[in-house]
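S.K.: These are the residues of each chain, in order.
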Amino acid sequence: KQEVTQIPAALSVPEGENLVLNCSFTDSAIYNLQWFRQDPGKGLTSLLLIQSSQREQTSGRLNASLDKSSGRSTLYIAASQPGDSATYLCAAATDKLIFGTGTRLQVFP
Amino acid sequence: KAGVTQTPRYLIKTRGQQVTLSCSPISGHRSVSWYQQTPGQGLQFLFEYFSETQRNKGNFPGRFSGRQFSNSRSEMNVSTLELGDSALYLCASSFQRKSYNEQFFGPGTRLTVL
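In order, the protein sequence lines correspond to chains A and B. Sequential numbering of the first sequence, starting at 71, is according to my numbering. Sequential numbering of the second sequence, starting at 30, is according to my numbering.
One chain only, chain A, in its complex shape (with noise of 0.2 Å):
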């Protein structure tokens, strides 16, 4: 049965430093790892996804990475800043996503 875990589960940071959430999953056989992002009491905002076969990827200051055989994935915020405040959620994809339970993020000014 695949566990996802998130470590760690609150982070409050002021503005400016580059930030690491991690995500670990226990079964390995996934189509993808999905990041998300969700502000309280809002839908969940689709940030990266990474393909099974691929190392990384990029969105602007978002950086995730995968290691399948490690079971783990890390979202790398650079310059962190007040509007990047919200909980992040990975989601490992087999024949439906699998949620962590969120790292919640306060950057203050």
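Just so you know, these hints were derived from the structure itself, not from any lab. It is possible that some hints are incorrect.
[Said to hold, decoys possible] The list that follows gives simulated cross-link-like pairs (lysine to aspartate or glutamate, DMTMM-like), each with its CA atoms no further than 25 Å apart:
| id | chain 1 | residue 1 | chain 2 | residue 2 |
| --- | --- | --- | --- | --- |
| 1 | A | Lys112 | A | Asp154 |
| 2 | B | Lys42 | B | Glu104 |
| 3 | A | Lys112 | B | Glu131 |
| 4 | B | Lys86 | A | Glu73 |
| 5 | A | Lys71 | A | Glu85 |
| 6 | B | Lys86 | B | Glu104 |
| 7 | A | Lys112 | B | Glu104 |
| 8 | B | Lys86 | A | Asp165 |
| 9 | A | Lys71 | A | Asp137 |
| 10 | B | Lys86 | A | Asp97 |
| 11 | A | Lys112 | B | Glu111 |
| 12 | A | Lys138 | A | Asp109 |
| 13 | A | Lys138 | B | Glu131 |
| 14 | B | Lys42 | B | Glu111 |
| 15 | B | Lys86 | B | Glu131 |
| 16 | A | Lys71 | A | Asp97 |
| 17 | A | Lys71 | A | Asp165 |
| 18 | A | Lys112 | A | Glu85 |
| 19 | A | Lys71 | B | Glu104 |
Go by the hints and put chain B onto chain A.
M.R.: Positioned in the frame of chain A, the structure of chain B alone reads:
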């Protein structure tokens, strides 16, 4: 292109009632999946519909059901509501089946059961 839309956005019901939630996928998307989000259990998969057929189902009781119409719009129904059904219900659409395609989520329906 319009995103995924869900109606209603908020619902308040009492125990024992039933409720129907609606999801309209992105134009051209044929797969719709439903998820339940609660503070205790996080995001959990309910079911997936493709071409008007349920293709996959999560571990939820039979009180949770759904359907998909020929225009790919989907509805989910919860009968005999319980307090524990209070949650944010999210639907996601994708072009093809299964989660190897990027999934686009709607804003959700917040259901409160009193």
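S.K.: Compare the distance between the alpha carbons of Lys42(B) and Glu104(B) with 25 Å, and conclude whether the hinted pair is satisfied.
M.R.: With a Cα-Cα distance of about 17 Å, the restraint between Lys42(B) and Glu104(B) holds, given a limit of 25 Å.
S.K.: Can the restraint linking Lys86(B) and Asp97(A) be considered satisfied, given a maximum Cα separation of 25 Å?
M.R.: Since the Cα atoms of Lys86(B) and Asp97(A) sit roughly 20 Å apart, the hinted pair holds (cutoff 25 Å).
S.K.: Quickly compare the C-alpha distance for Lys71(A) and Glu85(A) to 25 Å and report which way the hint goes.
M.R.: violated (38 Å)
S.K.: Within a Cα-Cα threshold of 25 Å, do Lys42(B) and Glu111(B) meet the stated pairing?
M.R.: Between Lys42(B) and Glu111(B) the Cα gap is close to 10 Å, so the pair holds against 25 Å.
S.K.: Holds or violated: Lys138(A) with Asp109(A), Cα cutoff 25 Å?
M.R.: Cα-Cα ~28 Å, so violated.
S.K.: Checking one constraint from the list: CA of Lys138(A) to CA of Glu131(B), max 25 Å. Satisfied?
M.R.: holds (18 Å)
S.K.: So if I understand the rule, the pair passes when the alpha-carbon distance is 25 Å or less; does Lys112(A) with Glu111(B) pass?
M.R.: holds (23 Å)
S.K.: Does the alpha-carbon distance linking Lys86(B) and Glu73(A) stay inside the 25 Å limit?
M.R.: holds (17 Å)
S.K.: Hey, Lys71(A) versus Asp137(A), does the alpha-carbon distance stay inside 25 Å?
M.R.: holds (19 Å)
S.K.: Need the status of pair Lys112(A), Asp154(A): alpha-carbon distance at most 25 Å?
M.R.: holds (15 Å)
S.K.: Against the 25 Å threshold, does the CA-CA distance of Lys71(A) and Glu104(B) hold or violate the hint?
M.R.: violated (28 Å)
S.K.: Quickly compare the C-alpha distance for Lys86(B) and Asp165(A) to 25 Å and report which way the hint goes.
M.R.: Since the Cα atoms of Lys86(B) and Asp165(A) sit roughly 10 Å apart, the hinted pair holds (cutoff 25 Å).
In terms of the numbered hints stated before, the structure departs from hints 5, 12 and 19, listed from lowest to highest.
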